[in-house]
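Engineer: One-letter residues, chain by chain:
Protein chains: 2
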Amino acid sequence: MSEHVDIDLARERALAEADLPAAAAKLAGMSITEVVETLWRTSYQRGAVLFRLLSKERALETFERFEPAHQADLLRALQDEEVTGLFAGLDPDDRVGLLDEVPAVVAKRLLLGLTPHERSLTTLMLGYPARSVGRRMSPEYVRAHPEFTAGHVLETVRNRASEAETIYMIPVTDGEKRLIGVVSLREILAAPEDTRVADLMQTPEYATVSDDAEYVARRCGDANLLAMPVVDSEKRLVGILTIDDAHQILRDAEDEDIARAGGSEPLRRPYLSTSAFKIARARVVWLLVLAVSALLTVQVLGIFEATLEQKVVLALFIPLLTGTGGNTGSQAATTITRALAMGEVTSKDVGRVLLREFRVGTTLGLLLGVLGFVLASLVYDVPTGLVIGSTLLCVCAMAATVGGAMPLIAKAIRVDPAVFSTPFITTFCDATGLLIYFSLAKVILGI
Amino acid sequence: MSEHVDIDLARERALAEADLPAAAAKLAGMSITEVVETLWRTSYQRGAVLFRLLSKERALETFERFEPAHQADLLRALQDEEVTGLFAGLDPDDRVGLLDEVPAVVAKRLLLGLTPHERSLTTLMLGYPARSVGRRMSPEYVRAHPEFTAGHVLETVRNRASEAETIYMIPVTDGEKRLIGVVSLREILAAPEDTRVADLMQTPEYATVSDDAEYVARRCGDANLLAMPVVDSEKRLVGILTIDDAHQILRDAEDEDIARAGGSEPLRRPYLSTSAFKIARARVVWLLVLAVSALLTVQVLGIFEATLEQKVVLALFIPLLTGTGGNTGSQAATTITRALAMGEVTSKDVGRVLLREFRVGTTLGLLLGVLGFVLASLVYDVPTGLVIGSTLLCVCAMAATVGGAMPLIAKAIRVDPAVFSTPFITTFCDATGLLIYFSLAKVILGI
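Chains as they are written, first to last, in UniProt numbering: chain A, 1 to 447; chain B, 1 to 447.
Incorrect hints may appear among the rest.
Pairs involving identical chains hold if they fit within one copy or between any two copies, as the list cannot separate such chains.
Claimed, not checked - The list that follows gives simulated cross-link-like pairs (lysine to any residue, SDA-like), each with its CA atoms no further than 25 angstroms apart: (1) Lys56 <-> Ala107; (2) Lys442 <-> Gln310; (3) Lys235 <-> Arg135; (4) Lys278 <-> Thr432; (5) Lys311 <-> Phe420; (6) Lys442 <-> Leu114; (7) Lys235 <-> Met30; (8) Lys311 <-> Glu64; (9) Lys278 <-> Arg352; (10) Lys442 <-> Glu118; (11) Lys311 <-> Leu295; (12) Lys56 <-> Phe424; (13) Lys311 <-> Ala23; (14) Lys278 <-> Ala77; (15) Lys108 <-> Gly89; (16) Lys278 <-> Gly343; (17) Lys311 <-> Met342; (18) Lys442 <-> Glu305; (19) Lys348 <-> Glu193.
These aren't lab readings, by the way, just hints derived from the structure by calculation.
So that you can see chain A by itself, here it is in the shape it has in the complex:
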């Protein structure tokens, strides 16, 4: 980033020293993106001080770019009337996201500050299930009737260009507001003015209001749509999901997936404006779960303490073997988790996936096993080499198969595959790997 965003040092110093008039001048000279990035790099308390230096319009534009949890942090440091103004200025979907982050009493007060129309739009969206597209869509859109002409639609679009969330994709509905097609503004413009919408519209790709937001966002992006109509259970149009909201949903989902793949919860705030305590809190649960499940390895090793006493050299390979098992398992789990998220694999593919992962694991295990056998035979002796080589083969085949199965099981029991896979695979592969290792050692070395 350093080469791209040229935030000069003088500007940073002015902001840091709380020389407010100088800071205000610096902020006024920045683009919204630069303001956002500057506020990302301070604590939210200091962020609030800088935030007040922005003009009302720029403040709202900046605020809209923050994640809901970060917005909620900032609100705590602002005055009531500032908060009410910001909240009223947000789009309905952003309002819903923010309301989920603030205490109930604050949420109630914020809702009371809205106009009755805005309040009813917002509470309607709050009624849809958490994580559903109903909470992320926009209820403000332009729609057309199939008997309208292109010229008439263009006129409507012109009049409503400033308020609707998007005017580039226009849902077509019948007299009962049921979705029957979509037409793009591009087609409206390209067609002669008296063409009927019915002759231009296409079969719509649409989502149902209770669908998972991430799933809908991915479909919207993958199908290259600028917006996707959202309907209720009777196919009546209730809103649209625009590509920029889809982008935000996918970015949040990615945040979560990446954090969980790394064994922590997402911060949902910029790193530098999150306190060390909050960062530790996002990591501690996972670390404890992993540490507690690692106690299982202590148990398993306890069983083989006598074997270890007879041949201490076996201990040297423990981290290598458990590590390789864990790596193979997490490779498989990551691949399948991603393939599930992208819709490339579904729960009913369990047989194909397991067979494939077993073959992949065996291939990798054969390669590593032969290498391990040769190396350990050279450095120690052939029986030790045999133990290491055969353990690597078995561990890789087992870990890949189990790693591939976990996300599918998680999906079947409706748990986030990323949450379920990581701790289970590490523990399971470590413990099973040690069992395999010492069992093979006992047989081959005759201890």
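For this one, chain A is given, so just place chain B on it according to the hints.
Structural biologist: Below, chain B alone, put in the same frame as chain A:
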């Protein structure tokens, strides 16, 4: 996915049994998304057979939705004239992506099949550096002059609506094609017909043609833009990056990041249409690197073999301790890698990051250390408890700091943080953790 895409069993069976007329009928009844998902689930050889059953237009739409590596697989199974037709039908940016995936001789033949105009557009884009936005942008756009009126621009847009990549964001250029502003179609429509573009246009957010594609795509998405103008070093407009291309770039980058966080290379093809051999190949390099670096742990343990012989019980905690270190390190590395990618942290923040990670690591280490001390004291004895507790504290503090530093170092030496961090952290934390463990054990237990 199973609840969303209702691919009925009869349809799958018809496809599987290669009953071609039945399969053609089934395919004809599917939406493009369903066709894409069906082809994702077969080998590319069988995919090519099904592909031929599609109408020419639907075949192209389907083909456009595949990833370049998957497209290249499919091309190998198709006839020359089919290939030429598909290739000519692609957008210039998709063509460039595909050319990178096929052998040079095929690329040359494909280029010769284009019209001179299309060929020159394509070779121009091929000249930009790999991974730059120049290779992913669209060279076909509508632009306006500041002295044009809104009515005139609307007329131009109407005439070019069918060919330009987007008509919703219009770059404004001066007489020398230098970018001086942007105007949205929304603003053109909302304004009176005789308004000058100069009075409507806004300061543009733009990218330079050699900028990293992922960086530009993220900016485009984060700033909620439908398209971003791309200029050369003299600020002359050369293309635009549209939001749907940005979405695809980010999805590919996410694929890569997630795969590498899980210790493998991305497949760049749907899982079920990739052979087990190719899957193993995507994983083997990482697995070998990790296994070879794990040999370091064997070395470190070798140093302490005498200590281990005196007190075998120390071996029982090895997986627990190395595991906890590895987890803490990878939590920190994941967080910082993500923060770097999102622009929340830059290379010059190294001091703030390290201090913060050290504090987080110490907090986590204190908690785990106390727990470890209590548990190990109860089950074994107080000196063993002291060794385990103090090791956990030191390992967590060290692992979080090192884990936080790695991505910043990677960034500074211009290596992908994800590639650099994973193997280095695992190895380093395991080896250092064992050194700390046995050193503390020798001191505390007086061995």
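Engineer: Is the C-alpha distance from Lys235 to Met30 at most 25 angstroms within one copy, between copies, in both cases, or in neither?
Structural biologist: Between copies only: 20 angstroms across chains, 45 angstroms inside a chain, cut-off 25 angstroms.
Engineer: First find the shortest C-alpha distance between Lys56 and Ala107 inside one copy, then the shortest across copies, and answer within, between, both or neither for a cut-off of 25 angstroms.
Structural biologist: within (22 angstroms within a copy, 54 angstroms between copies)
Engineer: Classify it for me, Lys442 with Glu305: is the Cα-Cα distance of at most 25 angstroms met within a copy, between copies, both or neither?
Structural biologist: Intra 12 angstroms, inter 20 angstroms, cutoff 25 angstroms: intra and inter.
Engineer: Up to 25 angstroms between alpha-carbons, please classify Lys278 paired with Arg352: within, between, both or neither.
Structural biologist: Between copies, since 16 angstroms is at most 25 angstroms while 42 angstroms is not.
Engineer: How would you classify Lys311 and Phe420 at a CA-CA limit of 25 angstroms: within, between, both, or neither?
Structural biologist: neither (36 angstroms within a copy, 36 angstroms between copies)
Engineer: Given a CA cutoff of 25 angstroms, do Lys278 and Gly343 count as a within-copy pair, a between-copy pair, both, or neither?
Structural biologist: between (34 angstroms within a copy, 20 angstroms between copies)
Engineer: Can you tell me if Lys311 and Leu295 fall within 25 angstroms by alpha carbon in one copy, between copies, both or neither?
Structural biologist: both (23 angstroms within a copy, 19 angstroms between copies)
Engineer: Using 25 angstroms as the alpha-carbon threshold, which applies to Lys108 and Gly89: within, between, both, or neither?
Structural biologist: within (17 angstroms within a copy, 55 angstroms between copies)
Engineer: For the identical chains here, do Lys235 and Arg135 meet the 25 angstroms Cα criterion within one copy, between copies, both, or neither?
Structural biologist: Answer is within: at 17 angstroms inside a copy they meet the 25 angstroms cutoff, but 41 angstroms across does not.
Engineer: I want to check one pair: Lys442 and Gln310. Are their C-alpha atoms no more than 25 angstroms apart within a copy, between two copies, both, or neither?
Structural biologist: Both ways: Lys442 and Gln310 sit 11 angstroms apart in one copy and 22 angstroms across, limit 25 angstroms.
Engineer: Check Lys311 against Glu64 for me: Cα-Cα at most 25 angstroms, and say if that holds within a copy, between copies, both or neither.
Structural biologist: neither (64 angstroms within a copy, 60 angstroms between copies)
Engineer: If the cut is 25 angstroms between Cα atoms, do Lys311 and Met342 qualify within a copy, between copies, both or neither?
Structural biologist: This pair counts as neither: shortest intra-copy Cα distance 48 angstroms, inter-copy 50 angstroms.
The structure fails hints 4, 5, 6, 8, 10, 12, 13, 17, 19 (numbered hints given earlier, in ascending order).
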